[in-house]
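Chemist: Below, each chain spelled out in residue letters.
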Amino acid sequence: MSAALIVLAQLRGGEVDAARAAIAALDEPFRAVPGTHLARIQVLEDRQLLLAADYDGPLEPWLIAAAGQLDSVLSHCAFWPGADKPAEVVEWARERSYPAGFSVVGAPYATVEEIGEALKLRERLTRFADESQGLDDEALHAAWKAWRAQ
Amino acid sequence: MRATPLTVISPIRWWWKPWVRFTWLIARRAPMVAAPLRRLRFIHFARWTLLPGRRLLFLTSFDGSDIQYIDAFVRVVPGRIDALYKGAKGFPGARRFGPVARYIDDHSHRPVDHFWMAHPDASVRMVQQALLLVPLYHVFEARFKDADAETFAREWRRFLGTAQRFL
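Residue numbers (our numbering), protein chains in the order written: chain A, 1 to 150; chain B, 1001 to 1167.
In short, the hints are calculated from the structure, not lab data.
The structure presented is a predicted model; accordingly, all values stated were derived computationally and were not measured.
Errors might be hidden in some of the hints.
Unchecked claim - Calculated pairs, DSS-like style, for lysine-lysine (alpha carbon to alpha carbon, straight line, at most 30 Å):
hint : chain 1 : residue 1 : chain 2 : residue 2
1    : B       : Lys1086   : B       : Lys1017
2    : A       : Lys120    : B       : Lys1145
3    : A       : Lys120    : A       : Lys85
4    : B       : Lys1017   : B       : Lys1089
5    : B       : Lys1145   : A       : Lys145
Turn these sequences into a full structure, and let the hints steer you where they fit.
Modeler: Spelled out as structure tokens, the structure:
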């Protein structure tokens, strides 16, 4: 089951625009953070930075990996220890995180990997079902065996 | 990307916090409370949490537009939304689309500077269908992988008949 992280951190005075610019310069950082279902990072109107994510597995490795990708943004937050200090990163995030009160999740019991595999299978099966229409029994059997071996 | 992210922060009255916590307790224990929301099948994630300073944070991502999303909430779960937001300052009540849409517009934080999804091209429905299809196919495969051509073809067509709604 995926877990939720909601972190609200104060940006340092005068660094709102710099934080926005750092976010704009990000190049899909969460792609490099295994187990991320979805994530958002945004500057709120009251000089706070919101980092929210749904992820698989324990929090610490996810946070440490995310910190490495988001250091350029999080470095504008007050008391950010720096991504090179993993234990302090975890503590920093814990101090600023808020528990999810209630959630509705589309696929709550599947990992990112399971969802990816399932989507891939669905796509392959759909294509095979289309392509194999009209084949006689022998040809269908042979086509399925070849498809399965791919 | 198919999904739209939305971040809404609602100021709430001081006495509303315990009630909100109570509604969540009930909702967690009684799946029927959130069942209509789950049945909407376009919500990737919807999440509420209480923030300091008497604020209620709503984070969500969904397939389609804001308008469709708000409209569905107003039509399908107005009572539940009222139960959660009645103590939010300025909340107009969940029965009519226009005032709710204006309220959300006034309290949403846009843009979401960076939003990322692992499977951006997949709708909630596609994900749910795919996850249901996997065990169905694996059972079929295990049973008929060594079958002769005639049996295989007959069972494949039967499998497709069942699996069609997930493809």
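Chemist: A separate judgement is required for each hint: does it hold in the structure or not?
Modeler: Do the hints match the structure? See the list:
no. : hint                     : verdict
1   : Lys1086(B) to Lys1017(B) : holds (11 Å)
2   : Lys120(A) to Lys1145(B)  : holds (20 Å)
3   : Lys120(A) to Lys85(A)    : violated (38 Å)
4   : Lys1017(B) to Lys1089(B) : holds (13 Å)
5   : Lys1145(B) to Lys145(A)  : holds (8 Å)
Hint compliance for this structure: hint 3 is the single one not met.
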